Amino acid sequence: MFGTSEMEINLGPQHPSTHGVLRVKLSLDGERILDAKPIIGYLHRGCEKLGESRAFPQAIVYTDRMDYVAAVNENIVYVEAVERLLGVEVPPRAQYMRVILSEFQRIASHLVWLATHALDLGAMSVFLYCFREREQILDLFEGYCGARLTTNAVRIGGMYEDFPEGWVEEARRFLEILPARLDEYHKLLTKNRIWLERTREVGVIAGDVALDYGVTGPCLRASGVAYDSRKAIPYAAYREFEFDIPLGTRGDTYDRYLVRMEEMRQSRRIILQALDRLPDGEIRGKTPRRIRPPKGEVYHVNEGPRGELGVYLVSDGTDNAYRCRFRSPCFVNLQALPELCRGHLVADVVAVIGTLDIVLGCIDR
Amino acid sequence: MSETVLKSVVVPALQIALVVAVLLGCVAYLVLLERKIIAFMQVRLGPRRVGPHGLLQPVADILKLLLKEDILPARADRLVFYLAPVILLLPALVAFAVIPFSGTPVRVLGVEVRPWITDINVGVLFLLAISSLGVYGIVMAGWASNSKYPLLGALRSAAQMVSYEIPLGLSVISILMLAQTASLVGIVRAQAEDGSWFLFWMPYPQIVGLFLYFVSAIAETNRAPFDLPEAETELVAGFHTEYSGMKFAFFFLAEYANMILVACIVTVLFLGGWLPITLGIPGLRGALSNLLPFWGDAGAALTGLLWFGIKVLVVLYLYLWIRATFPRYRYDQLMRLGWKWLIPLGLAHLVVTGIVLLAAH
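Heads up: the sequence lines are chains A and B, in that order.
Numbered per my numbering, the first sequence spans residues 1 to 365.
Numbered per my numbering, the second sequence spans residues 1 to 361.
One or more of the hints may lead you astray.
With the C-beta cut set under 7 Å, the calculated list includes, among others, these residues of chain A facing chain B [claimed, not checked]:
(1) LEU121
(2) GLY122
(3) ALA123
(4) SER125
(5) LEU128
(6) ARG132
(7) ILE194
(8) TRP195
(9) GLU197
(10) ARG198
(11) ALA347
So these bits of chain B aren't anywhere near chain A, every CB distance computed over 12 Å [said to hold, decoys possible]:
(12) GLY245
(13) PHE248
(14) LEU292
To be clear, the hints were calculated from the coordinates, so they are not data collected in a lab.
No experiment lies behind these values; they were computed from the predicted model shown.
Each residue gets a CB set at the ideal place from its N, CA and C atoms; glycine is no exception.
Chain B with its partners taken away, still in its complex shape (with noise of 0.2 Å):
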């Protein structure tokens, strides 16, 4: 097959593929995975029986929410409602299509894998645009569900998410100047060439603009802080509350995956991407990038690639820390505190990385 063919269409595809798979699958155990932390933090154990450890708990999961009886509620609109759960969950599954997972491209039977599925000069805008798509799902639920409490749980979470899209930006921008290029493997080769990660970038480590992110990203997602429209103890059920079975669990993968992406994205921005933990001390970067020197390049991939996945792992229990300790908020405060408190401070940390750019040259 003609070399271009296989290079475009055939590597991409079965990237795709992979990414997707594995992605589902990790995204049905961060479930397992927050019952289980959480419950720790509790004092409890969380699920145990179906499996080791419950370890086949989501397959039990999996397999209820398809076997359960797929409600429509009278008089909502069919085509919207059904569209709603798909169309939340193909943004977060397409905006992985940027995501580098690793550093190093390998050669697999003659052709050249690259550990991204592909690597566009605006990464970043492409990944703030399609994660913005999501909030139409959470609209056309709410709305196609004719039913008092998904449209004010919908309409409280649209503007939710649009208000902290604005800090998410801001932080974002300042890496975009401290790297130079928007595209993702861009950023993570110039943290390697800055020699620190930009969160530790000296002289202004980019602490704020992580804090923001996160928080900004929390929102986002529906978490907790943030997550009164969704709130099982709240006046109203939320947007998804008439869904039932597949389409619900759509819902909760959709949300998960968003978890994960946010977790992908903090880890390429701020924390170096697939560059090992080295903790400052020098010369230890060259030995701790490829663990498996043997296997030459593809060892320096997978090397990357644990690297990426504990950094990942640390921002996915810092979620899950954050929702097992902090009470929600109010929905005007969560308004006030996104436009009134993460919108100047975004626009400062702005200015701040400017002034210490220009100073440093």
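Chain A on its own, in the form it takes in the complex (with noise of 0.2 Å):
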């Protein structure tokens, strides 16, 4: 007489913590997820096409407005492809500059990360304590290139601008703080009786299925699996610098979360000795005037804040790409949302899609 069916629920695209655009229609039975599926393309520009139709240098503007919280990333992979292209020697300073930028970005990434996880949870005072210190690296993208959030910084051949004066010192006075701040997030969270139950064993994807998945980034490296394409392909300077990669064991929430806040002191790690041994000399090689890479194509990758990120670039000779298209790293980490989402709780659906640190606008392009 009394029977249970299944009720199937919209995580709408407008709700508070789904980060973005993202609509996950949920099958549940009384409380448990039967299944979760994501569907996006609420936040889609066209970026790809709009690759196709720029010149290289004008697509730079839109690469980071993908990403928008990794813009530099997005930024140097892009450029970086297009330099493969044409054949162009990046200059020894331009390189550690983009190293040093790239890290500042991942750390803000990561705070902005750490922010909304936290809040999602309900740990509200996170999210500003993360959100002062991301002030500070927005601070010296500002001064560096004139916007906090799109930087757009970066130049085909090298940089656009040096460092301009007291943006070292200011750099290295935020890195002293940033230990003592990162421990505060600890404190608050690590050992948090509350904090623990609604993490461990939340969202555990083993290593061998993430990579079947084609996850990258702190996601795989939290369920144990040692690729970071900073070590493995190494781009820009990456080959000189001494820096760990922090690997998880069980592959779920918890470690996630210990992963990213461990490579945010390897980024720090990473900055610090940039900014010791950055290298004087020109910050901009030879390029041509126009930008006409000869035919051929070049898939370059970066080891981005959410996973690689990558670019597949076909030139045909003219000023604009024959084909542009963007690998996206939560675009494929996404994927993995009912594998992660299944069989566990509501609530745990906005701890497994703030873990997985998705941004709709690199999902969406």
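Both chains are given apart, each in its own frame, so use the hints to dock them into the complex.
If you want it as structure tokens, here you go:
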């Protein structure tokens, strides 16, 4: 007489916790999730098509609007792809500058991740503390390229400007206070009973399953697979720096949390090494006036804060690319959402979306 | 007018009016206090533009809510929909009838006025019973909204509140054993006689009892870290999703009124009610009981009210502090905590208190 049936609920595009306009169709059996289908496309702006109809230097601006929280990394991956097609050498100072900005962007991105993840799970204050630190990084970016978020900081062949006076000192000042702040976040969350209960054994994915899905970035490393593009396929000047790759063991939300927290420390380590050994010299290599790469194709990858950013550029000898395809790490990671959510309770969907660290701009392009 | 009518109708009526007015004012300003205190903990400032330091913010909030459109969802049950906020708010207000705000009765215009509306000899039972009625309001709200999210939220909230009634009651029973009476005034007087608050009662301080009561009360009032049913960042926006305007305001008022009620109960049961904070120094009790000796009884009453107020504020600050700090429990973890941890702890606490009492005799 009394039966139960599946309930379909929409975690709609407008929702405080979906980090953008993500729609997830949940099939629930009571509170248990049977299936979670992500539906995307609400933020699609045709970046790849725009890349085809704009000249190569013009398209750089679109890259930082795709993953707006990891703008510098997106800039760099595109610019380096073009440089490979052109065969242009980037001078060492420019490469070091790219590494410094990249790693600052990684710290800023991880701070956003921690802030929103903690806020979703109820720890409101962490959100404000993380953004307080991020403000300082955004001030650094503004001091360098004039924009906080959509940086457009790199040019084909190098950087467009050197660090302004006092920039390096301010960067060092920030890096000095960062470890204490990270310890603050650890104190609030890492051993907190409630945090542990919300994140341990939630959204578990095994290393081989993650590889099957094509997951990259901290989500993969938390499952125990030691793959980091900065070490595997070094780009910019990463060969010259010493840093560790934090690994997790269980592949659950808590491990992803620990991995990203440690990555912030490692980024700081890289920046300090880069600032100490910053070579002098010019910041722009010899680049042709008009960017017209010869016919050819290249696939270049980068380690973004969310995973492996990739650009596949096909040039047909004209000013515009013939095909400009962006591999979005969040897009691929999001595929694993049903796998991560199945069998959990409704409240865990929010935790899982937070831990995948998705940015809809990157997914939808 | 006859003496009895004066004593049993006019004076209580005036007291009720005063208490309700002051209480509603306190609730409105508690909302502001929460926003300011949590803001300060989060390195920001909170409301500061409406009036100096944001002091007129509650006025602005009330005005805004009064002027908002009154939405009734399609096919919602009209009567139940309108009744739910009322049924949630009323028990919170009614429970204040038994709370003693101070110790000394005062003679006003020839009539003796006691600083409590009434003191029944089953005061504690009355409180427990009345606060349980609030669950009805939540279930009615969730059901009448005719929508999935409020329904889920309301059911969760109801289950949560019912589960945490038990550890609440268990911690209170220990106090009843120590005080030998269920009347709230009697409990404070027992603490006065014992010479120490029940929190510091020797040889078995009721710290566990206070912890149990406070944690259960946080779950009862749907506050963080047990606020999943109404959490904005979770899937369901809670049982008050479909409410707007003044009815929504009622839910808020009810929640904060319940918070103040819990703070008052904690103060009376564990923290010595209107007794002064003497830090254990003997002899200070008399001096601090009346900081306005030239006013005699009125002075004692006001001083008692002051100490009561200070303790209530401390408990409320703890409420806000906890909200700003901790993440949120998931629903099943919340239930597990209540049933598997707090209830056994409450029973153990009860047994230990009983044994200590027996041994002391």
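Here is what the structure says about each hint:
Hint status for LEU121 of chain A: holds, given a least beta-carbon distance of 4 Å to chain B, under 7 Å. Checking GLY122 of chain A against chain B by beta carbon gives a least distance of about 3 Å; that is within 7 Å, so the hint holds. Here the hint on ALA123 of chain A is kept, as its CB sits about 4 Å from the closest CB of chain B, short of 7 Å. Taking 7 Å as the C-beta cut-off, the interface hint given for SER125 of chain A holds, the closest approach to chain B being about 5 Å.
Among the interface hints, the one on LEU128 of chain A holds; its C-beta lies about 4 Å from the nearest C-beta in chain B, closer than the 7 Å criterion. Taking 7 Å as the C-beta cut-off, the interface hint given for ARG132 of chain A holds, the closest approach to chain B being about 6 Å. Interface hint status for ILE194 of chain A: upheld, as the beta-carbon distance to the closest one in chain B is roughly 5 Å, under 7 Å. With its C-beta approaching chain B no nearer than about 5 Å, TRP195 of chain A sits inside the 7 Å limit, and its interface hint holds.
With its C-beta approaching chain B no nearer than about 5 Å, GLU197 of chain A sits inside the 7 Å limit, and its interface hint holds. Restraint check, ARG198 of chain A versus chain B: the minimum CB separation of about 6 Å is within 7 Å; hint holds. Because the closest C-beta pair between ALA347 of chain A and chain B is about 5 Å apart, less than 7 Å, the hint holds. No Cβ of chain A approaches the Cβ of GLY245 of chain B within 12 Å, the least distance being about 21 Å, so the stated non-interface status holds.
Look at PHE248 of chain B: its CB is around 17 Å from the nearest CB on chain A, clear of 12 Å, so calling it non-interface holds up. Distance to chain A confirms LEU292 of chain B as a non-interface residue, since its nearest Cβ pair spans about 40 Å, more than 12 Å.
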